[in-house]
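A.B. asks: Protein chains in written order, with this note's numbering: chain A, 57 to 390; chain U, 57 to 390; chain H, 57 to 390; chain P, 57 to 390.
The reader is advised that the hints may include incorrect statements.
Quick look at which bits of chain H chain U covers, simulated, 3 or more residues with Cβ under 8 Å [unchecked claim]:
#: 1; segment: 245-255
#: 2; segment: 276-282
#: 3; segment: 293-302
#: 4; segment: 373-384
A few chain A positions that, by computed beta-carbon distances, are all more than 10 Å from chain P [stated by the list, open to error]:
#: 5; residue: G67
#: 6; residue: V72
#: 7; residue: P128
#: 8; residue: I137
#: 9; residue: D138
#: 10; residue: A142
#: 11; residue: D168
#: 12; residue: D227
#: 13; residue: L279
#: 14; residue: E302
#: 15; residue: W330
#: 16; residue: F332
#: 17; residue: E358
#: 18; residue: R366
Pairs of lysine-lysine, PhoX-like flavour, derived with a Cα cap of 20 Å [stated by the list, open to error]:
#: 19; chain 1: A; residue 1: K379; chain 2: P; residue 2: K385
#: 20; chain 1: A; residue 1: K100; chain 2: U; residue 2: K78
#: 21; chain 1: H; residue 1: K100; chain 2: H; residue 2: K75
#: 22; chain 1: H; residue 1: K338; chain 2: P; residue 2: K342
#: 23; chain 1: A; residue 1: K320; chain 2: H; residue 2: K219
#: 24; chain 1: U; residue 1: K287; chain 2: A; residue 2: K78
#: 25; chain 1: H; residue 1: K75; chain 2: H; residue 2: K342
#: 26; chain 1: H; residue 1: K78; chain 2: P; residue 2: K342
#: 27; chain 1: A; residue 1: K161; chain 2: A; residue 2: K387
#: 28; chain 1: P; residue 1: K320; chain 2: U; residue 2: K287
No wet-lab data here; the hints were simulated from the structure.
Predicted, not measured: the structure shown is a model, and the values here were computed from it.
We put the CB at the ideal spot given by N, CA and C, even for glycine.
Protein chains: 4
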Amino acid sequence: MATKIGIIGMGRIGNVHYKNLKQMSGITIEYICDIKADDTWEEKYPEAGKVVTDYHEVLESSDVEAVLICVPTNLHPSFIIDAANAGKAIFCEKPVGFNNEDILKAYKVVKDTGVVFQVGFNRRFDDSFDRIVDYRDAGNLGQPQVLKITSRDPEPPSLDYVKVSGGIFMDMTIHDFDMARFISGQEVESLHVFGNVLIEPEIKQYNDIDTAIITLKFKNGMLGVIDNSRKAVYGYDQRIELFGSEGMAHADNVLDSQTTYASKNGVVGDKPMWFFLQRYMKAYAKETKSFFEAVHGEHDVECTFEDGIRAIRLAEAAKESLKTGNEVKVKDIF
Amino acid sequence: MATKIGIIGMGRIGNVHYKNLKQMSGITIEYICDIKADDTWEEKYPEAGKVVTDYHEVLESSDVEAVLICVPTNLHPSFIIDAANAGKAIFCEKPVGFNNEDILKAYKVVKDTGVVFQVGFNRRFDDSFDRIVDYRDAGNLGQPQVLKITSRDPEPPSLDYVKVSGGIFMDMTIHDFDMARFISGQEVESLHVFGNVLIEPEIKQYNDIDTAIITLKFKNGMLGVIDNSRKAVYGYDQRIELFGSEGMAHADNVLDSQTTYASKNGVVGDKPMWFFLQRYMKAYAKETKSFFEAVHGEHDVECTFEDGIRAIRLAEAAKESLKTGNEVKVKDIF
Amino acid sequence: MATKIGIIGMGRIGNVHYKNLKQMSGITIEYICDIKADDTWEEKYPEAGKVVTDYHEVLESSDVEAVLICVPTNLHPSFIIDAANAGKAIFCEKPVGFNNEDILKAYKVVKDTGVVFQVGFNRRFDDSFDRIVDYRDAGNLGQPQVLKITSRDPEPPSLDYVKVSGGIFMDMTIHDFDMARFISGQEVESLHVFGNVLIEPEIKQYNDIDTAIITLKFKNGMLGVIDNSRKAVYGYDQRIELFGSEGMAHADNVLDSQTTYASKNGVVGDKPMWFFLQRYMKAYAKETKSFFEAVHGEHDVECTFEDGIRAIRLAEAAKESLKTGNEVKVKDIF
Amino acid sequence: MATKIGIIGMGRIGNVHYKNLKQMSGITIEYICDIKADDTWEEKYPEAGKVVTDYHEVLESSDVEAVLICVPTNLHPSFIIDAANAGKAIFCEKPVGFNNEDILKAYKVVKDTGVVFQVGFNRRFDDSFDRIVDYRDAGNLGQPQVLKITSRDPEPPSLDYVKVSGGIFMDMTIHDFDMARFISGQEVESLHVFGNVLIEPEIKQYNDIDTAIITLKFKNGMLGVIDNSRKAVYGYDQRIELFGSEGMAHADNVLDSQTTYASKNGVVGDKPMWFFLQRYMKAYAKETKSFFEAVHGEHDVECTFEDGIRAIRLAEAAKESLKTGNEVKVKDIF
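From just these sequences and the hints, can you work out the full model?
C.D. replies: Listed below in structure tokens is the structure:
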């Protein structure tokens, strides 16, 4: 029998999950929920059983076994608490929240109720990045020593979005912070940031930056570096490299096609896939598939609440380092 | 309203189409049909409206608008005739038949009835190959002069399959023959074959070969070459190159991931995707999508009955060249 | 003590050898010889001991141990005979001659006198091609099955040159014929040619072509294909691939640099090195170094008179196949 | 007429220059000088006019126009002063010295005497790195924003060498510091270091490290990062990337060959060239060629004394940052 689910919040990422889930065997989208939903949505979302504007309706349905929380970040903690108290399995988009007190409250409720909880770090499900972990786990890299992550967006977000984004570290680098932990299998001890506004001067008024290099010192002694830019004209630049005593695994960009064109001006290859919806399309499908497998007890959750909080701790440390110019120790979950 | 369809023949390729179509918006799989179907199939194919063993049932349903013919090749012509006479739009797997007289009969009925007809040359829908055509059509290659196709399977088919396959040219090279026409946009005037049995000696008893190099002379004077092997240990090797007066477009293999591993033994990249179900997964979805768009009158069929017959004419010429050792002129459709 | 040598014929390739040899330890360029030499040459070639116009002077010098014959091809046989009779070790440019009777006469004198003789197939000394042979000899490829050579010049020769070149097979493909034997380690049984004039219509008046695909059937059953073009706008295209039962070795083009440029138009890499003087610069130095090692008895000649004749036999067969349209058996040395 | 030169110090790098210079047109190696030279050296260095043990002999020769100083770093300043006072053009290996007072004294004498002076930052003459600068200067990158340098040796130096090396920043990173300035065309304002001993524990007793990540803040606001390791098992890893508002130029490693091997284990490419003598062989020849062109007044020196001192200032700042854990401002020349 199919698992009945609800998607709460039908923004860009809610729609990604809708598209993937309507194609997934064994899943029935019983509800979609959005405060902006109106009469036209039933036609727009034909695979959705019911369209509602109040998420309590979803949580009150005894048919619904699991919910995907895709509302704005500041709402995550309260929605998590309500869903956990309603006994629903929860998939929550990243970051799990902005306010630390709220996050820890939500965390406590999730632990107390024992519901299945997964945070949406989709890049953990990318084939090329997973391959690095395969090499690491097989011992092919020996002792890991240096981790390098390049993460550049093809275009900066709108200033309206920047305003509510939580800043580059919480909004964009948070994925890289999670990758730093996931790819290395290690925790970060401290970090140091150099950042600047080189792309969009207007961003300064929001105390934000658009270009950053973050260096990491891991607890086991290994070192790491993340470089971020809000605008790479050639497309979404997502490369990771793990260097160790016995070798290096390097994940290069995924291109639009494998076709090159040689002319008197050189040999041109295709660009990296444009943005996250292209590059990580398959990873998004895999992360929700994995979530439902965890809901069905087939394996542990691959991306836990703790992972969600630790990434936030890294973002907080980065913010402080940018402000003070100093190396900053990364805090623990509590 | 959804288009209702039937899939006739649920072998390997019928299942590929089933999987794609059940995820396609606007399509309802009203019937699946296979002579081997039994009571367990309704559970096995939950998205199929009805499971039947006699394809006449499918054709007689007035709900069904289109059928996919995925039965063994020798049955294609008669199934095409019946489906056309029933007024169904037809998607037929390649090759359209073995016996020339039967093929032409089926062709006539399709023309007379005027039903939409598409042949299953899935590679026309591969992103990397399409990119070559884009470069050609944009004039970036100037006057095309040389076409090169490398097409190697990862493992030879079973001898049982070889027996009924129609031979390497009809079974395997037929895709490359279609690609030769599609990528160049030109017709082949004559061809010459060198072939041998280098992989599986047993294949000889069926008058077949497993390794071939076919050279092509196009009507417009350009030249081409196809090299085939039934066994590339490193995986499915599918590369195409179109060389012209102003440049060359080259489609390389699609790999399992973009991750490399550098060690003291060299720098290892991932292998080409294993076989056609991996490499062309997306192309299979695109070809049926394109078929239904043609059914709905959104554009012309991208892969016509004529294309199906011309590829067969090339396969027939190749067979003759292998036998006689001579250059052989390629026959017209009739 | 340095080996004293003479270079006979100071055209393009004579100058290449001059440049390499003046830098080679243990070599003294005692003579350069060219019928066009005049008083200005002593300044132009400061490292040359003497500049002469008559090659007999070089051969008569008892100091000279070895000569490099770089005169036009039609003169090769008589110069070889004179040099062999003078007891000089001989390095002769490819092809060893045009007229078969003359070639065999020269061959006999070389055998009778027992002088060291090397023919100038420089590509045997290219690092990337040698690497294919390494893989083959190490057994990494298993049983070789298919050989593929792409060989395209960046620009066609002048019509003046075409006139005396001996035709594309004797002038250009001869290198590829030698590579076919060298890379495979096998002899060719027969071949078939498709050729055309697609680049320079004027070439037709000399009964020559500018585009060709030559397929090869080897004595051990393996197959091969060479594709030639006189004009690749993106530069000198020199790729070789040897495919076998256990793997494939593929030598790609050598580029001007390893630097790519990613912009909104794609990712551009550098072009292949422009032409043979760039791509094979290092190979030219290695071939003469190897020759002098053979002169000093350090190893056998790596590229023999027999190799020179066999390549010519392949060129002759290609000419015939182009004329008749038939598969042609390759003749033995005698 | 040939320029007469002397090479002072015949260690590893002195021998590299000897080998290049003996092949260079217009150069006569009048002297080689080394305190360890003995009677056997005349045979060992046949192209050297005279072999001496006291460098004053070289400086006193009125024939000698230029000297290459290849002695241990601590001797550089006094040798520079003597050579400048003798009116010789000077090519001095990097770094120009260890002791700041001595360096500035030498700098003053060079300026006062006006002799031509070049420091041996060979990487400025690498084709792939130069290509990045070409793209930058052509405006293809727009406004440079992020510079990334990966620089890893294939094996750590001996502990004996580590002892006198001046530490990783002065010995190894100094090249990368120069590259940071050369590739960006900008000066560094401040830097921050994370470093550790992850490869050779014994190195700790010399207060040195073997793994480092250095982040750079440039005066114009752009950011940079250098990552160093003393041991990459796959060979010398030398990559540079300059990212800007309009594109990115990326110089990848130069490989031993362009040949790949595809087997059932993946597709293996050749490794990066083993170490600096392989990778930068051509760059070493180009840097001395450029020096002699500057000596002959054909162009300005491409790598000045100031460049040598600025790289040292960066190394000094890195040392301090490693010690204090803080961001450190880079000092000016004086």
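A.B. asks: Next, verify each hint and record whether it holds.
C.D. replies: These are the hints, each one checked on the structure:
1. 245-255: holds (count 6)
2. 276-282: holds (count 5)
3. 293-302: n = 4 at 8 Å, threshold three: holds.
4. 373-384: Holds: 3 residues of the segment 373-384 of chain H have a Cβ under 8 Å from chain U.
5. G67: Label holds. Min Cβ-Cβ 29 Å, cutoff 10 Å.
6. V72: holds, 28 Å
7. P128: Label holds. Min Cβ-Cβ 30 Å, cutoff 10 Å.
8. I137: Its Cβ never comes within 10 Å of chain P, the nearest being 39 Å, so this holds.
9. D138: holds, 43 Å
10. A142: holds, 46 Å
11. D168: D168 (chain A) clear of chain P: closest Cβ-Cβ about 39 Å, beyond 10 Å.
12. D227: holds, 19 Å
13. L279: violated, 5 Å
14. E302: violated, 6 Å
15. W330: Nearest chain P Cβ is 16 Å from W330 (chain A), so the label holds.
16. F332: At about 19 Å from chain P, F332 (chain A) clears the 10 Å cut-off, so the statement holds.
17. E358: Answer for E358 (chain A): holds, closest chain P Cβ roughly 26 Å.
18. R366: holds, 20 Å
19. A:K379 / P:K385: holds, 17 Å
20. A:K100 / U:K78: holds, 19 Å
21. H:K100 / H:K75: holds, 12 Å
22. H:K338 / P:K342: holds, 16 Å
23. A:K320 / H:K219: Roughly 28 Å between the alpha carbons, so the hint for K320 (chain A) and K219 (chain H) is violated.
24. U:K287 / A:K78: This hinted pair is violated, its Cα atoms lying about 38 Å apart.
25. H:K75 / H:K342: Measuring from Cα to Cα gives roughly 13 Å; hence the hint holds.
26. H:K78 / P:K342: Holds, at roughly 18 Å.
27. A:K161 / A:K387: holds, 17 Å
28. P:K320 / U:K287: holds, 11 Å
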